[in-house]
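> Sequence order for the protein chains is A and B. Numbering-wise, the first sequence is residues 157 to 694 according to my numbering. Numbering-wise, the second sequence is residues 17 to 59 according to my numbering.
Please keep in mind that the hints were generated in silico from the structure rather than gathered at the bench. A few of these clues could be false.
Unchecked claim - List time: in silico SDA-like cross-link candidates among lysine to any residue, alpha-carbon distance up to 25 Å:
1) B:Lys-57 x A:His-403
2) A:Lys-350 x B:Lys-57
3) B:Lys-31 x A:Val-681
4) B:Lys-31 x A:Leu-339
5) B:Lys-57 x A:Glu-685
6) A:Lys-650 x A:Thr-191
7) B:Lys-57 x A:Leu-466
8) B:Lys-31 x A:Leu-286
9) A:Lys-580 x A:Phe-177
10) B:Lys-57 x A:Thr-377
11) A:Lys-434 x A:Ser-500
12) A:Lys-350 x B:Arg-30
13) B:Lys-31 x A:Leu-348
14) B:Lys-57 x A:Gly-465
15) B:Lys-31 x A:Lys-434
16) A:Lys-651 x A:Trp-569
17) B:Lys-57 x A:Gln-309
18) B:Lys-57 x A:Leu-306
19) A:Lys-350 x A:Leu-466
20) B:Lys-57 x A:Pro-398
21) B:Lys-57 x A:Gly-396
22) B:Lys-57 x A:Thr-387
23) B:Lys-57 x A:Asp-347
24) B:Lys-31 x A:Leu-273
25) A:Lys-650 x A:Phe-503
26) B:Lys-31 x A:Leu-678
27) B:Lys-57 x A:Val-399
28) B:Lys-57 x A:Gly-395
29) A:Lys-434 x A:Glu-685
30) A:Lys-350 x A:Lys-434
31) B:Lys-31 x A:Asp-347
32) A:Lys-434 x A:Phe-444
33) B:Lys-31 x A:Pro-344
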Amino acid sequence: MAHAATHDHHDDHHGAPTNFFTRWCMSTNHKDIGTLYLIFSLAAFFVGGSFAMVIRAELFKPGMQLVQPYFFNEMTTMHALVMIFGAIMPAFVGLGNWMIPLMIGAPDMALPRMNNLSFWILPFAFALLLSTLFMPGGSPAGGWTMYPPLSLQTGSLAYAVFAIHLMGISSIMGAINIIATILNMRAPGMDLLKMPVFVWSWLITAFLLIAVMPVLAGAVTMLLTDKYFGTSFFNAAGGGDPVLYQHIFWFFGHPEVYIMILPAFGIISEIVPTFARKPIFGYKAMVFAIAAIAFLSFIVWAHHMFAVGLPLGAEIFFMYATMLISVPTGIKVFNWVSTMWGGSMTFETPMLFAIAFIILFTIGGFSGLMLALVPADFQYHDTYFVVAHFHYVLVTGAAFAIMAATYYWLPKWTGHMYSETWGKVHFWSSVISVNVLFFPQHFLGLAGMPRRIPDYNVAFANFNMISSIGGFWFGASQLIFLGVIIHAVWFSKKKATDRVWEGAKGLEWTVPSPAPFHTFELPPVIRDEELAHGHVED
Amino acid sequence: MTQQAGKFDQEARRKGVRRTAWAVGAVAVAIFLYSILSMLKLS
Chain A
157 MAHAATHDHH DDHHGAPTNF FTRWCMSTNH KDIGTLYLIF SLAAFFVGGS
207 FAMVIRAELF KPGMQLVQPY FFNEMTTMHA LVMIFGAIMP AFVGLGNWMI
257 PLMIGAPDMA LPRMNNLSFW ILPFAFALLL STLFMPGGSP AGGWTMYPPL
307 SLQTGSLAYA VFAIHLMGIS SIMGAINIIA TILNMRAPGM DLLKMPVFVW
357 SWLITAFLLI AVMPVLAGAV TMLLTDKYFG TSFFNAAGGG DPVLYQHIFW
407 FFGHPEVYIM ILPAFGIISE IVPTFARKPI FGYKAMVFAI AAIAFLSFIV
457 WAHHMFAVGL PLGAEIFFMY ATMLISVPTG IKVFNWVSTM WGGSMTFETP
507 MLFAIAFIIL FTIGGFSGLM LALVPADFQY HDTYFVVAHF HYVLVTGAAF
557 AIMAATYYWL PKWTGHMYSE TWGKVHFWSS VISVNVLFFP QHFLGLAGMP
607 RRIPDYNVAF ANFNMISSIG GFWFGASQLI FLGVIIHAVW FSKKKATDRV
657 WEGAKGLEWT VPSPAPFHTF ELPPVIRDEE LAHGHVED
Chain B
17 MTQQAGKFDQ EARRKGVRRT AWAVGAVAVA IFLYSILSML KLS
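Hey, can you work out the whole structure from these sequences and the hints?
Written out as structure tokens, the structure is:
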């Protein structure tokens, strides 16, 4: 154990400021800032989830039921923005903050004060974004993609754009911090190809963020100047081109999808070996597959735009490039399954979520492959099939990975075991309800139901009602998740051991549970056989 | 994992962090400016 390099006793708050404001508002500690990110993302998850409940309640039956059409459009737009920028991304940043320094033997993030700033920008950005709901004219309602000319009709565009700028600045600073930490703060002996896959996934994700968040900032800045400063970047009447916005937006938007899934791949690559009690199968292949997916993410953006009238050559290129992504993704799924193969497996809650991730994310991947086919996409475009696809990727993919990670590392964070029984209740309730919620949406899409509509043909009534029941059930299931976390943090009497899980390997398990306020003030020495992926051949 | 601390140069680490942060930050700013300036068409 590495207590000599960290702490020799379980004084978890040693060195932490006692004043609440100083500790949480002025924190430069990676664990506290990680906790803040995770709490923020959980709050955003419930805010965005409540918007989803409004959407599913309205769609429970055909006809206008509960809300005005414009408010419905506000809900679809804000649900996406809050979930993407408020729930999924900050959750991964929180997990990275907590775990990356622990996994590479660093005492903290490389730039702790910038870390504080990165987090504290977010609540203000979201207060600004959510405040548009209460403004005359309402919040943005043209979809999270904010395509012009529709988005230019939004009165509160300037507020939304400023909020997006703030979120972008926060993400870019977070990415700079993660890159600087991983490249400079690793313990001696922690070579790049000895790092845990989660750390690798975050390093590559951080480079994606650096490459594409400024492009989003540029795109929304041009929207702003088109609306308020008389430019015509996207205004056809002034010589501009609205399709240009779509190209710029999706040059950001597609890598953004991978920003939300690559850290999830890293999490699953940590959890599966632990509960299979085997090193990850094909460590290097896993790392190179992540890098390959990241590279390919830059040359597939126009598959979101097949229906705008691209030249045939472009459609064929983007179709094949998109289908190519299934190769490295298939490598990853194959390696997770191979890691489990012949392993001494147990099925604690993190492993259940990880297995559900592998199966259900693959369903989302297959429907993505269907959408990549140009002729088929002309039928599927802007239907509920697309909604089903990206929710399989982002809910049973990204969100399930975050839940898996929460159960996996919660004992390390809090020093207490969560309730395994209630964790499993949460899992089974979520995994059944999420399929009731999203699987029928494939059928709705194939039958021709458009997305982003508050009313629909009676032919779609049955599947919509089933989907809404699944939605309410899935939403209620997340209250169990909240209860399990609250119980583990404040009420659980079962102390966590340092290693927590029998098969867990890696530096983070060598520090006490809960992890002390300061860890690895002196860097540890790395031994290959103790790493999660075992000895890596050169 | 280990009982003893490894050796490392604190000052070199600081310099490395600063260099990385400035380089990556400059790339981000450059991409932002390029994404707008490359779209400009003044008549």
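> Sort out whether A:Glu-685 lies within 25 Å of B:Lys-57, counting only the CA atoms.
Violated, at about 59 Å.
> Is the straight-line distance between the alpha-carbon of B:Lys-31 and that of A:Asp-347 25 Å or less?
Between B:Lys-31 and A:Asp-347 the Cα gap is close to 19 Å, so the pair holds against 25 Å.
> Going straight from one Cα to the other, do B:Lys-57 and A:Thr-387 come out at no more than 25 Å?
holds (10 Å)
> Can you confirm whether the C-alpha distance between A:Lys-434 and A:Phe-444 stays at or below 25 Å?
holds (20 Å)
> For a C-alpha distance cap of 25 Å, please report whether A:Lys-350 and B:Lys-57 respect it.
violated (49 Å)
> Please work out if B:Lys-57 and A:Gly-395 have their alpha carbons no farther apart than 25 Å.
holds (9 Å)
> Between A:Lys-350 and A:Lys-434, does the CA-CA distance stay at or below 25 Å?
holds (16 Å)
> Is A:Lys-434 close enough to A:Glu-685, meaning Cα to Cα at most 25 Å?
It holds: about 12 Å lies between the C-alpha atoms, which stays within 25 Å.
> Is it true that the CA of A:Lys-350 sits at most 25 Å from the CA of B:Arg-30?
holds (22 Å)
> For the pair supplied as a hint, B:Lys-57 and A:Pro-398, is the alpha-carbon distance within the 25 Å limit?
holds (15 Å)
> Between B:Lys-57 and A:Asp-347, does the CA-CA distance stay at or below 25 Å?
Violated: B:Lys-57 and A:Asp-347 sit about 47 Å apart, past 25 Å.
> Has the given pair, B:Lys-57 with A:Leu-306, been kept, meaning a C-alpha gap of at most 25 Å?
holds (23 Å)
Comparing the model with each earlier hint shows violations of hints 2, 5, 8, 9, 15, 19, 23; every other hint is respected.
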